[in-house]
Each structure stands twice: as C-alpha cells, then as structure tokens.
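Protein chains in written order, with the working numbering: chain A, 1 to 325; chain B, 1 to 337.
Hints were generated in silico from the structure; no laboratory data involved. Just so you know, these numbers come straight off a predicted model, no measurement behind them. Heads up, some of the hints might be wrong.
[What the hints assert, rightly or not] Heads up, simulated SDA-like pairs for lysine to any residue below, C-alpha to C-alpha not over 20 Å straight-line:
#1 B:K166 with B:I250
#2 A:K162 with B:V277
#3 A:K162 with B:Q78
Each chain, letter by letter, is given below.
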Amino acid sequence: MRYVLRRIGFYCVAAWASLTLNFLMPRLMPGDPASTIFARYRGQLRPEQLEAMKEAFGFNDAPLIEQYFGYLSHAVRGDFGISISAFPSPVTTVIGSGLIWTLLIGITALVISFVLGSMLGIISAWKRGSKLDNIFPPLLIFLGSFPFFWLAMVALYVLGFKAGWFPLRHAYSDRLTPAFTWPFISSVISHLILPALSIILVSIGGWVLGMRNTMINVLGEDYITLASAKGLSTRRVMFHYAARNALLPNMTAFGMALGFVLGGQIIVETVFSYPGLGYLLIRAVSNLDYPLMQGIFLMITLAVLGANLIVDLLYVRLDPRVRGS
Amino acid sequence: MQEHANDPAALVLSEDKAKPTSQPASAFAARFGWLIAILRNPKALIGLVIMVVFVFTAAFAPVIARHDPNKFVGRPHQAPSAKHWFGTTGQGKDVFSQTVWGARTSLMVGFGTGLLVTLLGIIMGMTAGYFGGWIDDVLSLLTNVVLIIPGTPLLAIMAAFLAPGKFTIILVLSVIGWAWPARVLRSQTLSLRTKDFVASSIVSGEGHFNIIFREILPNMTSLIVSGMFGSIIYAIGAETGLSFLGLTNISDVTWGSNLYWAQNNAGLLVGAWWTIVPSGLCVALIAFALAMINYAMDEITNPRLRAEKELSNVFKQRSTLATPVVRAAKRGVADGR
Chain A
1 MRYVLRRIGF
11 YCVAAWASLT
21 LNFLMPRLMP
31 GDPASTIFAR
41 YRGQLRPEQL
51 EAMKEAFGFN
61 DAPLIEQYFG
71 YLSHAVRGDF
81 GISISAFPSP
91 VTTVIGSGLI
101 WTLLIGITAL
111 VISFVLGSML
121 GIISAWKRGS
131 KLDNIFPPLL
141 IFLGSFPFFW
151 LAMVALYVLG
161 FKAGWFPLRH
171 AYSDRLTPAF
181 TWPFISSVIS
191 HLILPALSII
201 LVSIGGWVLG
211 MRNTMINVLG
221 EDYITLASAK
231 GLSTRRVMFH
241 YAARNALLPN
251 MTAFGMALGF
261 VLGGQIIVET
271 VFSYPGLGYL
281 LIRAVSNLDY
291 PLMQGIFLMI
301 TLAVLGANLI
311 VDLLYVRLDP
321 RVRGS
Chain B
1 MQEHANDPAA
11 LVLSEDKAKP
21 TSQPASAFAA
31 RFGWLIAILR
41 NPKALIGLVI
51 MVVFVFTAAF
61 APVIARHDPN
71 KFVGRPHQAP
81 SAKHWFGTTG
91 QGKDVFSQTV
101 WGARTSLMVG
111 FGTGLLVTLL
121 GIIMGMTAGY
131 FGGWIDDVLS
141 LLTNVVLIIP
151 GTPLLAIMAA
161 FLAPGKFTII
171 LVLSVIGWAW
181 PARVLRSQTL
191 SLRTKDFVAS
201 SIVSGEGHFN
211 IIFREILPNM
221 TSLIVSGMFG
231 SIIYAIGAET
241 GLSFLGLTNI
251 SDVTWGSNLY
261 WAQNNAGLLV
271 GAWWTIVPSG
281 LCVALIAFAL
291 AMINYAMDEI
301 TNPRLRAEKE
311 LSNVFKQRST
321 LATPVVRAAK
331 RGVADGR
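Please construct the entire structure, taking both the sequences and the accompanying hints into account.
Structure representation (structure tokens):
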C-alpha cells in the first residue's frame with residue numbers, strides 16, 4: 001500500500017512538473033510568441049482570437065505568480081483556452097477529435113508488438129543457439145535501427161502506392177461518414193494497418209531482446225531444472241514456470257517504452273496524415289497555434305503518466321514481493 | 001576493469017589478468033586486452049567498420065561529394081545514373097552529395113549530443129549515487145520526472161519556441177536526454193560506493209571530487225561508453241525525426257532534412273524512391289553499428305553473458321539443462337590454464 005501511495009505521489013509531482021514546464025516555456029523562451037503570431041497571421045486575426053491568445057499567455061500585466069495560479073486553476077478544470085488555427089473551437093474539442101485515433105493506433109500497435117515480441121523472445125531464449133535465435137535478434141535490432149517514419153514511408157510507397165493494397169492517408173475513407181456499420185469499420189481497419197505495422201516493426205525488437213535476456217536468467221534457476229526433472233511438458237515449463245517470471249521485469253520496461261513509442265507514433269501519424277494527436281500537434285506547431293500545441297503536449301504527458309500508473313498497479317497485483325514490503 | 005567481488009567467474013578473470021603484468025611484453029596485452037577482445041568479436045568488428053566509414057565520409061565530405069549539395073545540378077527526380085549515383089531530388093539537387101554532406105551534420109549533432117548527455121548524466125547520476133540522502137532524493141526525483149515526460153512532443157514544442165539551428169538542437173536534445181544515463185550511473189555508483197576501496201579512500205582523507213572521478217569513475221568506463229553510444233543513437237534518431245517534421249533549420253543539409261524535402265516534393269508519389277532510401281539507410285546503418293558495438297562490449301565486459309556463450313556450447317553438445325553451478329565451474333576450468 002505504501003508502495004502504491006509513493007507511486008501516486010511521484011506521478012502527481014511529474015504531472016505538476018509538466019504543467020509548470022508548459023506554463024514557463026512560452027514565458028522564458030527568447031522572443032515572444034505573441035509577436036511571432038501577429039507577424040505570421042498578418043492582421044488576419046479577429047479580435048476574439050487576440051483575446052484568446054492573450055488569455056493563453058497571460059499578457060495581462062499581472063505578476064507571474066498570479067498568472068501561474070490562474071493557469072493552474074484553468075488547467076485543473078480542463079480549460080486550455082481556444083485554438084487559434086481551428087478558431088473558435090476550444091482546444092479540448094480539437095484534442096477530443098484526435099484522441100480516439102491516437103488511442104486506436106497506439107493500443108493496437110503496442111499490444112501486438114508486446115505480445116508477439118514477448119513470444120518470440122521466449123522461444124528464442126528457449127532454443128538458444130538455434131538458427132532462430134541466431135537470425136531473429138540481430139535482424140530485429142537492424143529493423144529497430146530504422147527511424148519509425150522512414151519505415152512508414154517505405155511501407156506507404158511499396159504496399160500503398162505501388163501495390164495499392166492499402167489506402168495512403170487519413171483514418172477512414174473520405175466518402176464515408178462515421179457510423180457503426182461494416183463498410184466504415186473495415187475502412188478504419190484498412191487505414192490502420194500500415195501505420196500500425198510500421199510502429200510494430202520498429203518496436204518489436206526491444207521486446208524480443210528484453211524477454212530473451214530475462215528468460216535466459218530465469219532458465220538458470222533451480223526451479224526450472226526441478227520442473228523439467230519432474231517430467232513436466234516442455235510447454236508447461238516454458239510458459240508457466242519460466243515465461244511467467246521473466247515477464248515481470250519486462251512490465252516495468254513497458255511504461256518506459258510507452259513514451260518512446262508515442263514519440264515515434266507522432267511522426268508516423270504525420271506520414272500518413274492520420275488525424276491523431278501527433279498529426280494535430282505537428283500541424284499546431286507549424287501553424288504557431290500555441291494554445292493547441294500546449295494542450296496536446298499536456299494531454300499526451302498525462303496519458304503517459306496515467307498508463308504508467310496502471311502498469312505500476314498491475315505490477316503490485318502480479319508481484320507479491322512488492323506488496324509485502 | 002570492473003568490480004565483481006561476488007562473482008567467482010570474475011575472480012578467476014582478475015587473477016588471470018594479474019599474472020601477465022609481471023612481464024613487460026604482456027603488460028601491453030593486459031592494458032589493451034580489451035582492444036584485442038573487441039577486434040576478435042564479429043559484432044564489434046562489423047560495428048566499428050561501419051562507423052569508421054561514416055566518420056571518414058563526414059570528415060572528407062568536400063572531397064567525396066562531387067557536387068554542392070545545395071546546387072541545382074540537373075533535371076528534378078532523375079533516376080540513379082553514372083552521372084548522379086543516387087539520382088537527383090525534386091529540386092534537381094544531387095542526392096549522393098546530399099547524403100554525404102548530411103553525414104556531417106547528422107554525425108556532428110549525434111556525437112555532440114552524445115558527449116553532452118554523457119557529461120550531464122555523469123554529473124547528475126554520480127552526485128546522486130555518491131552523496132545519497134536528500135541530494136539523492138531530489139536528483140532522483142528530477143531524473144525520473146524527466147524520464148517519464150514523453151520526449152518527442154516536448155522536443156516538438158521546444159523546437160517551436162526556439163530559433164532553429166544545429167546548436168539549439170544539440171542543447172534541447174541534451175536537456176531531455178541526460179536522464180537515462182544518469183539513472184544507470186546512479187545505481188552503479190550506489191553499489192560501488194559500498195566497496196572497500198571507496199571506504200579506504202575516504203579514510204585516507206581523499207576529497208569527494210577525487211573519490212568520485214579518480215576512484216569510482218574508472219570502474220564504470222564500459223558503462224559510460226555504452227551509455228554514450230546509446231545517447232548518440234538517440235540523438236541521431238531524434239534529430240532526423242525533428243528535421244523530417246520541419247522543426248529544425250531545414251536549409252541545413254542533414255539526413256532528416258533530406259527526407260523532409262523528399263516528402264514535401266512528393267518524391268514518393270512520383271516514384272522517386274532514391275530520394276528517401278539513402279538517407280534512411282544511413283540513419284539505420286549508423287544506429288545499427290553503434291548498437292552492435294554496444295552488444296559486443298556487453299559481451300566482453302560482462303562475465304555473465306560471456307559465460308552464457310559457453311553455456312550455449314554445452315547445450316549444443318548435450319541438450320540438457322545445466323544449472324548455474326556448471327557455468328561457474330566451467331569457467332574456472334577454462335581460465336585456469
């Protein structure tokens with residue numbers, strides 16, 4: 001219980017830190033964002049937009065500390081201001097439209113690469129020194145060396161453009177309206193495959209190697225020898241005795257990997273013009289839509305923190321040693 | 001040399017190393033044994049060769065590339081030919097020259113960031129691990145917070161607020177990247193701190209600075225170097241990603257900005273695969289090379305993994321499961337020559 005409380009405390013500090021960072025960044029950076037935006041939009045801004053921006057950056061001559069608390073109270077209430085590029089929608093609405101796509105692609109890719117990668121790692125460790133073990137890990141290291149987005153570009157070119165098997169951009173066909181019907185769902189799936197595939201290809205190597213290494217350590221334990229001496233079936237020793245224990249250290253890596261995969265996903269989304277948070281973020285950056293991009297940054301950070309907390313709670317559930325201390 | 005007081009295999013090893021130092025001829029072997037070990041390891045050799053080729057290319061870019069990477073030299077989107085080895089871009093620039101010059105900026109950003117990140121990591125991690133107490137609490141909290149905040153969105157936002165440029169990128173990447181090496185070095189410092197040789201230095205009145213940098217630091221060399229390689233991989237990848245998104249100075253020639261232009265000139269949609277393949281392959285090759293060197297160093301300096309190699313030979317001979325006892329005994333016999 002103390003462990004859980006400590007973790008929750010840590011995530012609160014991390015959340016506070018990212019909120020503060022978000023607040024300080026536009027104010028501490030050289031140059032001021034407002035004049036950049038004025039210059040960029042060349043007087044096309046409506047008075048309401050100016051107002052929204054002033055509010056976002058607190059250009060109201062109030063002392064910094066007062067601005068800070070104003071900002072915090074707004075953020076806690078989930079009010080990130082009004083988007084400049086998608087005026088007059090509030091930032092939260094814009095984020096909401098992207099969130100579902102990011103979650104869809106992220107969860108699909110993460111789950112598939114984790115499950116598949118762990119399986120390959122288990123088998124590779126079990127058949128150590130075999131052909132499979134000699135070929136797979138180096139091959140996956142090599143694949144993992146490619147930038148996420150580059151594999152995405154190649155996949156787009158070969159499978160999408162040349163072969164024409166998959167659509168090239170967006171999350172679903174432009175001719176369809178979102179509905180719970182088969183044509184729409186199948187369209188979503190076919191648009192999902194390429195971006196998810198490129199994320200899976202790059203990130204799977206890490207899981208294979210991580211699982212393989214912990215498996216090798218676990219396989220040296222006496223209880224594995226005992227289990228095979230008892231005459232248990234290979235499958236049972238492999239999965240129920242070895243893999244189960246080897247999985248635990250990999251769980252902690254899961255939270256760490258989340259931020260990394262998300263980073264790659266942001267760029268992959270841009271390649272496919274997939275309307276998730278990453279695509280929105282990059283568009284916000286190039287449109288100098290500061291309120292939107294800060295909102296998206298916070299949203300992504302909080303999501304990662306939340307996911308890590310869930311992993312930690314799961315860890316407590318899975319590892320009795322943590323519960324005891 | 002690393003400290004492995006509790007590891008029988010390591011004990012045997014250190015005896016092994018201590019013996020030849022009496023003769024001057026093998027003093028060299030003892031000193032540079034690691035170098036020979038690296039050259040004998042196929043993984044390390046592959047990695048080193050690739051890396052040397054790239055460093056050479058970057059250093060001699062003006063000689064190797066026949067064209068100015070920013071100059072219009074021919075019709076846009078020409079396929080590779082004898083005149084333009086890698087073809088031309090959508091703006092009629094020579095792809096080969098761009099790739100060669102790209103190595104320069106990309107490697108510079110990579111190695112620059114790698115050094116800076118390692119330096120920051122050493123300072124933060126070792127200070128936390130050595131002093132402990134509240135210093136450790138504060139620094140560890142800071143490290144973990146930086147670790148958990150997702151890097152790419154933060155990078156994108158920082159790049160949007162700052163003036164684009166090579167040094168901005170190095171700085172921003174370092175500010176975000178130091179946490180991982182710091183965490184690794186902290187835990188290693190923590191365990192070395194309890195060793196007798198540190199205690200004896202404290203008793204003999206050495207200053208903290210001396211103990212940290214003269215006593216503890218040399219024992220973590222392999223860890224620091226492998227951390228640095230990891231940081232270089234991270235930096236090259238991140239720089240490429242940011243440039244690809246157009247968040248850096250896109251008139252700099254880097255592998256990432258080459259890809260940015262390829263994407264923006266619709267290189268792929270007219271079938272000009274040669275505009276994206278060279279730069280992407282280069283990023284992957286250099287990352288692969290550094291990763292290979294890292295794995296090899298791990299194999300060489302980590303007796304557990306080295307033992308594992310021999311253990312897998314045991315497996316091949318008689319396909320039974322061996323307990324760790326066999327492993328330790330096996331090493332002792334093998335090294336007792």
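Outcome of the hint check:
1. B:K166 with B:I250: holds (10 Å)
2. A:K162 with B:V277: holds (16 Å)
3. A:K162 with B:Q78: Judged against 20 Å, a Cα distance of about 19 Å means the pair holds.
The structure is consistent with each of the numbered hints, conforming to all of them.
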